[in-house]
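Peer 1: Chain residues, written in single-letter form:
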Amino acid sequence: MQYHGFLMKRYIFRRLIPYAAVLAVAFGVFSLISVLAVMEGFKEEMRGRIRGSLSHITVFSRFSTSLIGSGELVERLLELEHVVAAAPYVEGVAMYRANSITPCEVRGVDILAEAEVGDFAHYLLRDSEIEMLLKDDTAALPDERDPLTTEEITSIFSRERRAHKDQLNSVFGEEREEGFRVLPQPIVVGIEALRRNTRIGDQIELQSFSPRTLEARVQSFIVVGSFQTGVFEQDQGWMFIPLQAAVSFFDLFDEEELDDRVSGVSVRLDDYRNVDKVRETIREEVIPYLAHPEVVVRTWEDQRRNLLRAVDIEKRIISVMMMLIVLFAGVMIFLILTLMVIEKTRDLGVLRSLGATRGGVISLFLRQGMALTMLGIVLGSIAGVILVHNINPLHDAIYRATGLRLFPPDVYYLAKIPTKMRVSDWGVVLIPAVVFGFLGSLIPALWAARQDPIKALHHE
Amino acid sequence: MSDLQAAEFRPATPDDLPEDPRPIVLEARGISRHYQLADSKLEVLRGIDLVVREGEMVSVMGMSGVGKSTLLNIIGLLDTASSGTVIYHLEDGPVEASGLNEQRRAELRNNHIGFVFQFYHLLPDVSVIDNIILPAMIRRSSAHFRREKAEITDRARGLLDRVGLAGRETQSPGTLSGGERQRVAIARALMNQPRLLLCDEPTGNLDARTSDTMHKLFLDLNERYRTTFLFVTHDPSLARRAEVQKVMIDGRFEDITLEEAIDWRIREDAAE
Chain A
0 MQYHGFLMKR YIFRRLIPYA AVLAVAFGVF SLISVLAVME GFKEEMRGRI RGSLSHITVF
60 SRFSTSLIGS GELVERLLEL EHVVAAAPYV EGVAMYRANS ITPCEVRGVD ILAEAEVGDF
120 AHYLLRDSEI EMLLKDDTAA LPDERDPLTT EEITSIFSRE RRAHKDQLNS VFGEEREEGF
180 RVLPQPIVVG IEALRRNTRI GDQIELQSFS PRTLEARVQS FIVVGSFQTG VFEQDQGWMF
240 IPLQAAVSFF DLFDEEELDD RVSGVSVRLD DYRNVDKVRE TIREEVIPYL AHPEVVVRTW
300 EDQRRNLLRA VDIEKRIISV MMMLIVLFAG VMIFLILTLM VIEKTRDLGV LRSLGATRGG
360 VISLFLRQGM ALTMLGIVLG SIAGVILVHN INPLHDAIYR ATGLRLFPPD VYYLAKIPTK
420 MRVSDWGVVL IPAVVFGFLG SLIPALWAAR QDPIKALHHE
Chain B
0 MSDLQAAEFR PATPDDLPED PRPIVLEARG ISRHYQLADS KLEVLRGIDL VVREGEMVSV
60 MGMSGVGKST LLNIIGLLDT ASSGTVIYHL EDGPVEASGL NEQRRAELRN NHIGFVFQFY
120 HLLPDVSVID NIILPAMIRR SSAHFRREKA EITDRARGLL DRVGLAGRET QSPGTLSGGE
180 RQRVAIARAL MNQPRLLLCD EPTGNLDART SDTMHKLFLD LNERYRTTFL FVTHDPSLAR
240 RAEVQKVMID GRFEDITLEE AIDWRIREDA AE
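Residue numbers (numbering that gives the first Met the number 0), protein chains in the order written: chain A, 0 to 459; chain B, 0 to 271.
In case anyone wonders, no lab produced these hints; they're calculated from the structure.
Mixed in with the good hints, there may be bad ones.
Below, simulated BS3-like cross-link-like pairs (lysine-lysine); rule was C-alpha separation at most 25 Å, straight line [said to hold, decoys possible]: (1) A:K314 <-> A:K419; (2) A:K415 <-> A:K42; (3) B:K40 <-> A:K454; (4) A:K314 <-> A:K42; (5) A:K8 <-> B:K148; (6) A:K42 <-> A:K454.
Quick caveat: nothing in here was measured; it's all calculated off a predicted structure.
Kindly produce the complete structure, drawing on both the sequences and the hints.
Peer 2: In structure tokens:
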């Protein structure tokens, strides 16, 4: 009805106080949008980190390091639809001796195949990058960084490089009887290990037990390169060696089967969205036909379920906390409208005597509350989108002005604050804002409609 | 009159009351109103019968607390009678108020009843002209209103002129004197061309001189535009000017003249 809009203008938009409710809603929406966008960006980033070196799907033996027939398995997997790469790997725990004794996780990979199934090529570092990261603890790699090429990866593990490093640092060089020097196998250590107790070119000694024979194993390796996955534990405790070096280090050649035992096979898909389908196909159509079918299929999410859930829960908790601001805004709308009902009781009596219905009065106050809510939502959304799109320049400006880094790059190795706006996050923002705004308006509106017009007319 | 009789009541026709040819606007039959208190029943109205014809000016005089305002509220459909009926005779036939839902009552108030209150009750945030237009806004959608806006505004201007306040359209009610506010309130009450104007102590808050000009305005509206009035008042000078004069004592119309009532009241006051 015409009087609704007409009175709304005069009751709320020509006064100052109702704008406090608009501001409260706007602030709540703004905070929620920007926090959720940063959390989502961060979550996305963390998913990548949590996935780390894991490939989309891993097929591994039920018992440690005893998958026999990996060659056949790889061939069968590569025949499947959506599978673009598959590579065997060995993993085992060892102690390494550099200056001190430190536990580490040794990962034996087919270096070129590994670059295809996982992000190996992305987190291997070039010499110049290693130098930069070692010089400055707070330095971060640029976002748009090319992964290493096949040639670059091959050269890191190459014999020439080891020979060269060996000349530089030949204290532990092994001599064979014939005078023929066998070069130690190459090893790539995480950037954090380089920062603490190892250098490129160092020869380090790994000690472990063979899972097959249960005998102690010791072998020297030469540090030829480094990587950064972004997860501190991995960057400190993981080491990569070529698959064959791992087979020999862990003594995995099975004389009965005449085959190497490996830990599992990593699989990469054309699109991760096909993961459930492919996992089922592997379970039903590949594993039962293997000579040694004692294997398990896991997606990387299966393997990192707890960590992923932790990140999800973190985001959920923050959204709930932020929703309190929106709830507060709803309470403000409630208070402002309630005060208005008290102030305008006489007007309500007049309107009723002039022919306004109870429903009309409810609608009058609901519209006012929803108008305040909507205005707040629009302002808050605009402000939120602007902030999210300019968060990095803003962050830099704050850093320049105050010297304060709100988001230090060395903690997460991120040069920029990641943001991502998801449609479902908008739902998380807008639905509570509308619901709280509606409830905040409904109660005063119902109360206004309950006023007896005769008493209202005599209200002072 | 009991509830049962009220239900069987047949609306009066001009044949029943042949002495006056003017059509009936309002009939109230056997209106009673009581309030249930904790341990007793407070009877405010005890069987009021009233007929108002088109173009008539009816006054109900009585002292404070005799139930005048309650009667007016019941006739104005803001309150409901404990028993008895209120019937409005509209163009398309009689409508009995007790059988109506909230929606229809509001519609009747908007279209057929105009209220004038003792304390004017203009909306303070709204200009004079918009106060007058307000009743026209209440039952029109925004689109509907926009279509007829020019027409409605013209009519509001005409009404403002009729009550002698031409040119004061954009003023805020706060800047007007009491008498002027009451004129605006009368213009607002006339906006939707009601069948009946209900005035509750319309001059109760005005000084004697302003009251007098207001009385003249009522008479003028009544004579020139045949506006039908029902006043309740304790002001004898207003009551005296009405064509039909009722005296209300203790919830009933007493069969005495206004002059007798005034004498009686003067004696009562002297006794106190």
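Peer 1: Determine for every hint whether it applies to the structure shown.
Peer 2: So, going through the hints one by one against the coordinates:
no.	hint	verdict
1	A:K314 <-> A:K419	holds (13 Å)
2	A:K415 <-> A:K42	holds (14 Å)
3	B:K40 <-> A:K454	holds (20 Å)
4	A:K314 <-> A:K42	holds (8 Å)
5	A:K8 <-> B:K148	holds (18 Å)
6	A:K42 <-> A:K454	violated (58 Å)
Consistency with the previously given hints fails for number 6 only.
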